[in-house]
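Participant: Spelled out, the chains give:
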Amino acid sequence: MKKFNAYLGMAVSSWLLTVLIIASEIFEPFKNFLKDTFYHHWIGKGIIITLAFIIFGCLLKETKSDEKISWFSVIGSLIIIFLFFVLEYFI
Amino acid sequence: MRDLVLIAHILIGLALIVLPVLILRLSSKKSLLLKPLAGLAAILSWLLLLPAGILYIMFYPATKTLIKSGPYPWLHSILMETKEHYGLLLPLIATLAAYLVFTNKTKESRKWWILLIVISLLIGILGRLLKIGAIA
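Chains A and G, in that order, are what the protein sequence lines are.
Reading the first sequence from the start, the letters are residues 1 to 91 in the working numbering.
Reading the second sequence from the start, the letters are residues 1 to 136 in the working numbering.
Warning: the hint list may mix true and false statements.
Coverage of chain A stretches by chain G, computed from C-beta distances (three or more under 8 angstroms per stretch; other residues unrestricted) [what the hints assert, rightly or not]:
hint, stretch
1, 9 to 22
2, 26 to 36
Listed below are several chain A residues computed to face chain G (Cβ distance under 7 angstroms; list not exhaustive) [unchecked claim]:
hint, residue
3, A6
4, F53
5, I79
6, F82
7, Y89
The calculated lysine to aspartate or glutamate pairs, modelled on EDC-like cross-linking and capped at a C-alpha distance of 20 angstroms, are [what the hints assert, rightly or not]:
hint, chain 1, residue 1, chain 2, residue 2
8, G, K29, G, E108
9, G, K107, A, E28
10, G, K111, A, D66
11, G, K68, G, E81
12, G, K68, A, E88
13, G, K68, A, E25
14, A, K35, G, E81
15, G, K105, A, D66
16, G, K64, G, D3
17, A, K35, A, E25
18, G, K64, A, E67
19, G, K111, G, E81
20, A, K35, G, E84
21, G, K131, G, D3
22, G, K105, A, E88
23, G, K105, A, E67
24, G, K30, G, E108
25, A, K3, G, D3
26, A, K3, A, E62
27, G, K131, G, E81
28, A, K3, A, E88
29, G, K105, G, E84
30, A, K31, A, E88
31, G, K107, A, E62
32, G, K64, G, E81
33, G, K29, G, D3
34, A, K68, G, E84
35, G, K64, A, E62
36, A, K31, G, E84
37, G, K107, A, E25
38, G, K35, G, E108
39, G, K111, A, E67
40, A, K64, A, E25
None of these hints come from the bench; they were simulated from the model.
Built from N, CA and C at the ideal position, the CB exists for glycine as well.
In isolation and in its complexed conformation, chain G is listed as follows (with noise of 0.2 angstroms):
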């Protein structure tokens, strides 16, 4: 089950990385696409939850506990602690900027798409970090 739940997490934060890429290509030719993307991209952001929220209530204590008797116990308290709470924001982010699109407000929704970009790339690699941590 770990498996599934963990390839579902990493699958939709990787969707959360390329639609908005898509979405911030497609916002100046005023595609038909738009609206479309952007509310799968809101839909997509809350769904995560599920996985993200199987994986760090379920899988995690056993990981937190390695890794916090490891070498790197900041791994934890510094990386890990930030991952799981700027997730929670994630949904915000892309509902406000998919809000945006639907209320033909796109411009103004492009700094936010390159935010979920970047705070998804980070919370990727704050996972890839702690799973190196727990094996360290």
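For reference, chain A alone in the conformation it holds in the complex (with noise of 0.2 angstroms):
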């Protein structure tokens, strides 16, 4: 059975949060569609991020830059997130 390989599942759905809230930020019906869907935006990015995380894992092959990848994913992600909501403030 083929491992599990949860660098690559993390990788995934920390690009998709970002997505995510960039989509839902700038295009309102996404945002609507979001709370429509799953009661609330938040909650809906949570479940789709670890439906991600969950599917992902499971069908991405393992290779030896999966670690690489997955850390400078999540870094990345959080320093974006960051740096969005204070452009969008500011903008």
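Put the two chains together into one complex; each comes in its own frame, and the hints tell you how they fit.
Facilitator: Take a look at the structure:
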């Protein structure tokens, strides 16, 4: 049985969260879609990235660079999320 | 009810700082406690979403109104927005770190436990700043 690739599951989830945040802030109907579907956009984002973690963790094959990809994806996402809200506030 | 949920939120949040510190200290000693503690940290990180969600969805809207009409509206627009979304990554980070411990990659898990401590601390500090902003 193929091993669970937690590294790439994490990488996909962190980038997906970043995309979901930016998309829902820029495109109001998308935020409303998340609200209507999951009761609250925060719950929607949480469920979607958790499913992505599980699904992509099961599907993606392991490579030697997974650890680095995962680490820099999470750090990159954390920085972009913060910078996005700073920009959104001032623009 | 709010106080009870808030206490649970703070206590579980603190556990997500204390447990990774313990795991980091034990990781070089190959302790038998390592896997149970890692599993507990991962479980608590998921459990934390419950009080966090209740506080954010049921009780925060009133605080948000206060902050946005006060002198520091950026506390919500920047800090709370960042905090609420960083919180969604916590359980995934804790699960990844615990998974590495369970698959005997304890050394590789160390930086993820450190990241968990940093984000948990940051979320706690941001929460405190928001509280100050709400009563300003």
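Participant: Of the hints given before, which are not true for this structure?
Facilitator: 2, 5, 9, 18, 19, 22, 25, 28, 29, 33, 34, 35, 37 and 40
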